[in-house]
Amino acid sequence: ADMSPQLRRTMAAMGEDNWQLKQEYKNGVICEWAEVEYVPSRRTEKKGTEVPIYRYIGIRMRNPQGELFGDGQSVRHYAVVSNRWDLDGLELLNWSFS
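1 is the number of the first residue of the sequence shown in the working numbering; add one for each residue after it.
Hints may contain errors.
As the list claims (entries may be wrong) - Derived DEER-like restraints, expressed as beta-carbon distance ranges:
id: 1; residue 1: 74; residue 2: 26; range: 16 to 26 Å
id: 2; residue 1: 68; residue 2: 91; range: 26 to 36 Å
id: 3; residue 1: 18; residue 2: 40; range: 12 to 22 Å
id: 4; residue 1: 6; residue 2: 26; range: 32 to 42 Å
id: 5; residue 1: 74; residue 2: 17; range: 13 to 23 Å
id: 6; residue 1: 83; residue 2: 28; range: 26 to 36 Å
id: 7; residue 1: 31; residue 2: 9; range: 14 to 24 Å
id: 8; residue 1: 18; residue 2: 82; range: 17 to 27 Å
Because the hints were derived from the structure by calculation, they are not lab data. What you are looking at is a predicted structure, and each value in this text was computed from that prediction instead of being measured. Even glycine gets a Cβ: it sits at the ideal position worked out from N, Cα and C.
Could you build the full structure based on these sequences and the hints that come with them?
Rendered as structure tokens:
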């Protein structure tokens, strides 16, 4: 997904209880995922529609104990956008990266 400033802010503001563990890498980096309630400003999609066209799955990478990545950040956010609703979020991520 295009990491617009609005999407990045939405993901950064999400509570800890929204994020679920995807995996922990050997170097200690923790990868988490969450369904993101985000509707971009596109003519084809409006907030409040019964079934949105696009689905956003957020990915949060963080170092344990707040250690910094090489760029000075302790957390990085990414997102996958899809029109698939038949899989749960983790299955969708695994399918999209396979």
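So, going through the hints one by one against the coordinates:
1. Roughly 19 Å separates the CB atoms of residue 74 and residue 26, a value that falls within the hinted 16 to 26 Å.
2. Here the CB-CB span from residue 68 to residue 91 is close to 32 Å, well matched to the stated 26 to 36 Å.
3. Between residue 18 and residue 40, the C-beta spacing of about 19 Å keeps the proposed range 12 to 22 Å intact.
4. A hinted range of 32 to 42 Å holds for the C-beta pair residue 6 and residue 26, which are about 34 Å apart.
5. At about 19 Å, the CB distance of residue 74 to residue 17 agrees with the hint of 13 to 23 Å.
6. Distance hint check: the CB atoms of residue 83 and residue 28 are about 34 Å apart, consistent with the given range 26 to 36 Å.
7. The hinted window of 14 to 24 Å between residue 31 and residue 9 holds, with their beta carbons roughly 21 Å apart.
8. Checking the proposed 17 to 27 Å range against residue 18 and residue 82 shows it holds: the Cβ atoms sit about 18 Å from each other.
Comparing the model with each earlier hint shows no violations; every hint is respected.
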